[in-house]
Amino acid sequence: MEPDVNLAKLAEETNGFSGADLENLVNEAKLHAVDQICEEESEDEELKVTVNMDDFNNVLKDLKSKKVENEQVDSKMELLNNIVNFANLSKMLNKSA
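Residue numbering for the sequence shown follows this note's numbering, starting at 24 and increasing by one per position.
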(Lines of atoms letter the chains of each structure in order from A and count residues from 1; the text may use other names and numbers.)
(Lines give C-alpha, C1' and ligand atoms only; values in the text may rest on other atoms or scores of the structure.)
Protein backbone atom coordinates (compact mmCIF):
# COMPACT_ATOMS: atom_id res chain seq x y z
CA MET A 1 0.00 0.00 0.00
CA GLU A 2 1.31 3.41 -0.93
CA PRO A 3 1.98 5.98 1.81
CA ASP A 4 -0.67 8.31 0.32
CA VAL A 5 -3.48 5.98 1.42
CA ASN A 6 -5.35 7.82 4.17
CA LEU A 7 -7.01 5.14 6.27
CA ALA A 8 -8.79 7.70 8.45
CA LYS A 9 -10.39 9.28 5.38
CA LEU A 10 -11.34 5.85 4.04
CA ALA A 11 -12.94 5.03 7.39
CA GLU A 12 -15.04 8.21 7.16
CA GLU A 13 -15.95 7.54 3.54
CA THR A 14 -17.03 3.97 4.26
CA ASN A 15 -19.18 4.66 7.31
CA GLY A 16 -22.04 2.16 7.22
CA PHE A 17 -20.24 -0.30 4.97
CA SER A 18 -20.40 -3.93 6.01
CA GLY A 19 -17.33 -6.12 6.34
CA ALA A 20 -18.14 -7.61 2.94
CA ASP A 21 -18.39 -4.09 1.45
CA LEU A 22 -14.95 -3.24 2.85
CA GLU A 23 -13.45 -6.49 1.59
CA ASN A 24 -14.90 -5.75 -1.84
CA LEU A 25 -13.44 -2.22 -1.74
CA VAL A 26 -9.94 -3.54 -1.01
CA ASN A 27 -10.17 -6.26 -3.67
CA GLU A 28 -11.47 -3.84 -6.30
CA ALA A 29 -8.76 -1.29 -5.41
CA LYS A 30 -6.12 -4.00 -5.91
CA LEU A 31 -7.63 -4.88 -9.29
CA HIS A 32 -7.68 -1.19 -10.23
CA ALA A 33 -4.00 -0.92 -9.31
CA VAL A 34 -3.17 -3.98 -11.43
CA ASP A 35 -5.07 -2.52 -14.38
CA GLN A 36 -3.13 0.73 -14.09
CA ILE A 37 0.22 -1.05 -13.90
CA CYS A 38 -0.56 -3.37 -16.81
CA GLU A 39 -1.29 -0.34 -18.97
CA GLU A 40 2.06 1.22 -18.06
CA GLU A 41 4.51 -1.71 -17.86
CA SER A 42 5.98 -3.80 -20.63
CA GLU A 43 5.51 -7.56 -20.63
CA ASP A 44 9.20 -8.17 -19.88
CA GLU A 45 9.19 -6.33 -16.55
CA GLU A 46 8.23 -7.85 -13.22
CA LEU A 47 5.02 -6.31 -11.92
CA LYS A 48 5.05 -4.64 -8.50
CA VAL A 49 1.53 -3.86 -7.43
CA THR A 50 0.88 -1.26 -4.77
CA VAL A 51 -2.48 0.30 -4.07
CA ASN A 52 -2.67 4.08 -3.76
CA MET A 53 -5.39 6.48 -2.66
CA ASP A 54 -6.51 7.07 -6.26
CA ASP A 55 -7.21 3.34 -6.59
CA PHE A 56 -9.40 3.45 -3.47
CA ASN A 57 -11.13 6.68 -4.54
CA ASN A 58 -11.98 5.39 -8.02
CA VAL A 59 -13.44 2.17 -6.66
CA LEU A 60 -15.18 3.89 -3.75
CA LYS A 61 -17.03 6.23 -6.10
CA ASP A 62 -18.41 3.25 -8.05
CA LEU A 63 -19.29 1.27 -4.92
CA LYS A 64 -21.11 4.21 -3.35
CA SER A 65 -23.24 4.77 -6.45
CA LYS A 66 -24.13 1.05 -6.53
CA LYS A 67 -24.93 1.15 -2.81
CA VAL A 68 -27.28 4.12 -3.35
CA GLU A 69 -28.96 2.31 -6.25
CA ASN A 70 -29.43 -0.80 -4.08
CA GLU A 71 -30.86 1.28 -1.24
CA GLN A 72 -33.31 2.93 -3.66
CA VAL A 73 -34.41 -0.48 -4.94
CA ASP A 74 -34.81 -1.74 -1.36
CA SER A 75 -36.87 1.33 -0.49
CA LYS A 76 -39.13 0.83 -3.51
CA MET A 77 -39.55 -2.86 -2.67
CA GLU A 78 -40.48 -1.99 0.91
CA LEU A 79 -43.06 0.52 -0.35
CA LEU A 80 -44.48 -2.06 -2.75
CA ASN A 81 -44.70 -4.65 0.04
CA ASN A 82 -46.52 -2.12 2.24
CA ILE A 83 -49.01 -1.42 -0.54
CA VAL A 84 -49.64 -5.13 -1.08
CA ASN A 85 -50.05 -5.71 2.67
CA PHE A 86 -52.48 -2.80 2.88
CA ALA A 87 -54.49 -4.16 -0.06
CA ASN A 88 -54.65 -7.62 1.52
CA LEU A 89 -55.72 -6.15 4.87
CA SER A 90 -58.37 -4.09 3.15
CA LYS A 91 -59.75 -7.23 1.43
CA MET A 92 -59.82 -9.10 4.71
CA LEU A 93 -61.64 -6.27 6.47
CA ASN A 94 -64.19 -5.98 3.64
CA LYS A 95 -64.89 -9.73 3.79
CA SER A 96 -65.44 -9.69 7.55
CA ALA A 97 -67.78 -6.69 7.43
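No lab work stands behind these hints, which were simulated from the structure alone.
One or more hints might be untrue.
[Said to hold, decoys possible] Below, in silico cross-link-like pairs of lysine to aspartate or glutamate (EDC-like), each with a Cα-Cα straight-line distance of 16 Å or less:
{"#": "1", "residue 1": "K53", "residue 2": "D85"}
{"#": "2", "residue 1": "K87", "residue 2": "D58"}
{"#": "3", "residue 1": "K84", "residue 2": "E51"}
{"#": "4", "residue 1": "K53", "residue 2": "E25"}
{"#": "5", "residue 1": "K71", "residue 2": "D85"}
{"#": "6", "residue 1": "K87", "residue 2": "E35"}
{"#": "7", "residue 1": "K89", "residue 2": "D44"}
[What the hints assert, rightly or not] For each label pair, taking beta carbons as the anchor points, the in silico distance ranges come out as:
{"#": "8", "residue 1": "E94", "residue 2": "K32", "range": "21 to 27 Å"}
{"#": "9", "residue 1": "M24", "residue 2": "K99", "range": "36 to 42 Å"}
{"#": "10", "residue 1": "N81", "residue 2": "S119", "range": "25 to 31 Å"}
{"#": "11", "residue 1": "G42", "residue 2": "K99", "range": "23 to 29 Å"}
{"#": "12", "residue 1": "N38", "residue 2": "M100", "range": "32 to 38 Å"}
{"#": "13", "residue 1": "N29", "residue 2": "N50", "range": "15 to 21 Å"}
{"#": "14", "residue 1": "L30", "residue 2": "M100", "range": "32 to 38 Å"}
{"#": "15", "residue 1": "E25", "residue 2": "N104", "range": "21 to 27 Å"}
Values in this document were obtained by computation on a predicted structure and should not be read as measured data.
The beta carbon of each residue, even a glycine, is placed where N, CA and C say it ideally should be.
#### Entry: Cβ separation of N29 and N50, checked against the hinted range 15 to 21 Å
Holds, since N29 and N50 (Cβ atoms, about 19 Å apart) stay within the stated range.
### Query
For the pair M24 and K99, does the Cβ-Cβ distance stay inside 36 to 42 Å?
38 Å, holds
### Query
Is the hinted pair K84 and E51 satisfied, with a Cα-Cα distance of at most 16 Å?
12 Å, holds
### Query
Keeping to a limit of 16 Å between CA atoms, is the pair of K87 and E35 held or broken?
13 Å, holds
### Task
Confirm or reject the claim that E25 and N104 have a C-beta distance inside 21 to 27 Å.
Given a distance of about 46 Å, which is not inside 21 to 27 Å, the answer is violated.
### Query
Does the hinted range 25 to 31 Å hold for N81 and S119 at CB?
The hint (25 to 31 Å, Cβ to Cβ) is violated, given that N81 and S119 are roughly 58 Å apart.
### Given hint D44 paired with K89 - CA-CA distance at most 16 Å
11 Å, holds
### Query
Within 21 to 27 Å or not, the Cβ separation of E94 and K32?
Holds - the Cβ-Cβ distance for E94 and K32, about 22 Å, lies within 21 to 27 Å.
### Query
Can the restraint linking K53 and E25 be considered satisfied, given a maximum Cα separation of 16 Å?
Distance of about 12 Å is within 16 Å: holds.
### Message
So if I understand the rule, the pair passes when the alpha-carbon distance is 16 Å or less; does K53 with D85 pass?
### Response
Satisfied, since the Cα-Cα distance of roughly 14 Å is no more than 16 Å.
### Pairwise beta carbon distance, L30 to M100, judged against the given window 32 to 38 Å
35 Å, holds
### Message
Holds or violated: K71 and D85, Cα atoms, limit 16 Å.
### Response
25 Å, violated
In this structure, the earlier hints numbered 2, 5, 10, 12, 15 are contradicted, and the remaining ones agree with it.
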